[in-house]
Amino acid sequence: MQFEFLLEQVVNGLVLGGYYLLIALGLSLIFSVGGIVNLAHGAFYALGAYVCVELTKRLGFGAAVVIAPFAVALLGILFERFILRRFYTADPILSLLVTFGLAMVAEQAIRMIWGAAPVSTEIPQGFRGSVIVGDFLFSRYRLLILAVVAAILLGIWLLLHKTSFGRVVRAGIQRPDMVAALGIRLQPYMTAIVMLGVGMAALGGAFFAPITTVHPAMGAEIMTIAFVVVVIGGLGSFWGVVIAALLVGVVRGIAIHFEPAAGEASIYILMFLVLLVRPRGLLGERIEKFE
Amino acid sequence: MIRYPRRTLLRAGAAFVGASALGFPAIVKGQAEKIRIGHLTPLTGFLGVIGSYAQLGVKLAAEEINQSGGILGKQIDLLSEDSINPATASTKAQRMLEQDGAMVLLGEISSASSLTIMQVAERNKKVFFSTGARSDALRGKNCNKYSFHCDIPNTVMVNAVGTALSQKGMVKGKKFFTLTADYIFGHDLLKAAKTFFGAHEANLIGDELIPTDATDFSPYLLKVRQAKPDVVCCNLAGNQVTNLVKQYAEFGLPYPLVGFNLNTGDAWAAGAGNLTGTWPTVWYHTLNNPTSHAFVAAFSKKYGKTPENHAWIDYITLKLLAEAINTAKSTDSNELIAYFEKQAQFDIGKARKAYFRSWDHQLVQEAYPFTVKPKDQMKDQWDMLVLGEAVPAAGDPLETIYPTREQNPCEMKA
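These protein sequences, in sequence, are chains Z and A. Residue 308 is where the first sequence ends in the numbering used here, and the numbering goes up by one at each step. Residue 1375 is where the second sequence ends in the numbering used here, and the numbering goes up by one at each step.
Some hints could be false.
27 angstroms max Cα-Cα, derived BS3-like pairs, lysine-lysine [unchecked claim]:
#1 A:K1262 x Z:K74
#2 A:K1340 x Z:K74
#3 A:K1135 x A:K1184
#4 A:K1263 x Z:K74
#5 A:K1129 x A:K1336
Pairwise CB distance ranges (calculated) [as the list claims (entries may be wrong)]:
#6 A:G1134 x Z:R295: 49 to 57 angstroms
#7 A:D1174 x Z:A80: 31 to 39 angstroms
#8 Z:G151 x A:P1370: 47 to 55 angstroms
#9 A:E1284 x Z:F153: 53 to 61 angstroms
#10 A:K1262 x Z:W174: 53 to 61 angstroms
#11 Z:W174 x A:G1213: 29 to 37 angstroms
Bear in mind the hints are in silico, worked out from the structure with no lab data behind them. Bear in mind the structure is a predicted one, so any value in this text is a computation, not a measurement. Cβ atoms here follow ideal geometry from the backbone N, Cα and C, with glycine treated the same way.
Excised from the complex, chain A in its bound form:
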């Protein structure tokens, strides 16, 4: 029998654990007479849960488009994969465009991965729809001609929640303590929050940068208590929001917890008894309009569960892309960009129609603050949130909650 020194064994063990983080590429089949579309989203890691909703949403959209005749008479061949991390996301994006012949890319939730895909799109002169990334910098100093941004940016989330908090007298003169995800998205959200605090006479008395692989928040909660703030504010993302919300309920600290970022998937994962406070959202399945109703019905029928906001955003993005290609009668990148830059209006399942702003390619749309429904009033486990009034208010132009040209340093090269 061969004897292995135990250190070799342990090293091999560690290598295996590491390898499991890498994932495996999907098998690609070549098919003619189809329009190939590449979709990347995190299916593993702290954003993996909401990413799997995004994948379900985009698959449903492709199926519906194909059933109604496809794009320009051709069927969509959707290639959807786990983006894993920024480096892998970029490699996969390059491969999808170069080897698999994808004509357009969409997807992503991580702002860090989205940034690398944006660079690939620009290099290859192909359009990329960044569906779920929220960092202001992506549509600001990092913007480029080939990238479009569908989710609401950090500034909008801060404005949506901040406005709701102001109305409750929870901003002016109050001491805030923030817990921030330590990557581009969190840094960016903190910056937007600081701008808001500055403009509304609130004080930021402490901020903790939290690595994205942290699952235990007890040391940070002790520091919150030591600082004695008036309001605790969560600038985290993905599973970390869920973990924080659960552990905040566990410790039962007396300061109200609010957040500038939340996806409904994280809220559901936290559970009804744990979540409190005011948070922002881009979409919720209870929105009352025909497009939204139809999507919720189709999704629930196909998958047996209620769609989350990332399912919705990847669904409507592929839908509006198909609509654009069919109207513009072209899949050429430049013609598509020109079409979107005319600020064509799209029905995205909200009261007001949305459009991509010509100069920064941001999908301008409504957003909503929400609070949490008391447990005994919930119809089912998905019925957790009470949406506040849409922002901006009904009479105001949509762009009032978005960064202005002066605030947003986006300059697109021709």
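For reference, chain Z alone in the conformation it holds in the complex:
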């Protein structure tokens, strides 16, 4: 019985990890290609949640969860075009400062528009409750999230590995100088990557709006865990981030099974151990421009 319970936690951890992935993958992509640690990433997650709540009132949750990420991704274009673009070749501390400032501005803007008190929305009736598969209990809604994440993951993998777009992006991560020498401008690719990353963060926010507190500081809340995932996974690696996200979810679940009070601490201990053994992260690649 004990073992089954533990296994149930492991499976649940995988589901949760899939959700962390939505936020962490974008953060990792933007860093890998642009060399920018986007501290404003959480702000887009929060915006996704707020826009989703707002649209749900008018169009229903189904439409809101689809439109919100695209709306926020459009903001992402402006963010890349007018802010990030100035910092690709600048001292990295400047991009840290500017995205950190932007995160604060975004949080205050949300407070001014929607107020400090949380806003709320609900899961549509059809996705409420849980299903039992084998001996395991799953939230119906989280299974939906997991399916969407899996589809997105597949899409991004195909995009990066099977298209000419992906080839340029991957080359840009490793040798931006060579890409430039071949006469390819990386900037439009960067716009697309930022749009993609920011859109995924917003989708994460939209999906989690019905099951978490939607409040102005929610962006800061998610950033810590997204950072942990990216650091454990290793930069520049698609699969590293995927594995790290799932691992973080599973380790947290196992920790809670044995010692509930250590649930949140466990992921930091995991990060500590991984960095001790592999400072580059699980599957982190050597990237010349960051060494």
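Position chain A against the provided structure of chain Z, taking the given hints into account.
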């Protein structure tokens, strides 16, 4: 171009995320001929949402007092800041008393932060009104002469909900599973709950201590299902209550969810379709009496929203403090303490008047259990709760729901 190793970059990134948790001090202006009052409450973190209501409430009170002539003819200069965490709360409290010249402190929701401010108040021999902290220990073994406690303590919340549950046959012989916030407040609430379960023949079959930064409760919900209880009981606080309520509705577990702690702000944040069960509250804006009506009207007019119970408690605390200073004609700590210890009665917007109990400085007042209104009967998004009968019942003395002298180990040093 300078190249930075990526680990330096990441380290800097992590430092920034950490720094954002610290917040920034307010700029202080020196002004003579004013009575300075220090207000601390969490504006960030899991209690930040209800803390911002508290700040709005205390600001409204200061404004109203100033418009009607101030305290002893002087205007109030209210200094209100984010208390952030217990260590910062204590540092800020010390600074407010020592450097800013505050004559009295009030505020706080976190029992852990309140405890550190209580120590600062005692050291500086200044009065502190702990407005929103509910841990029994603060007015029990940690009590001190300079600290007054305005919110209902954990024991009262447990008694209010427990009585309502008993009437529905949901206590005797039932198996309870509790989810408890892992800090002084939660531990204290669990202790009060255990006392109640013991006295009413209920069984506690499981308890999970939950770190206050947890936002995902799915692993805990799996453990609830594995234990198969009759009733699930929430001993959490702040945003965590909202998260749990939402995720409990998400998983749709068949066991009824009740709670020994809730602030109406958390209920509103959870949304009408998600909250069910029986919970306690200290005040709700639908209470039918003139003081409460006037406060709700003024608050809604000024801020365009309905006040939450922390807005109310910080508002009435500053109001009763002004009343006390004006009556006692002194701002001296000892004279104020002596005045309150005479158990002066205050109108706090409830059917019965309240008073600070002389020996533990607890504001003795009514409390209410509530259930949730069906969604189609709600007038607006704030109209969510159906208040039960006030406890204690109309004929009984107010103190019957509070810990007795034997139960409460408070000894004040002179």
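For each hint given before, does the structure comply? Return the numbers of the non-compliant ones in rising order.
none
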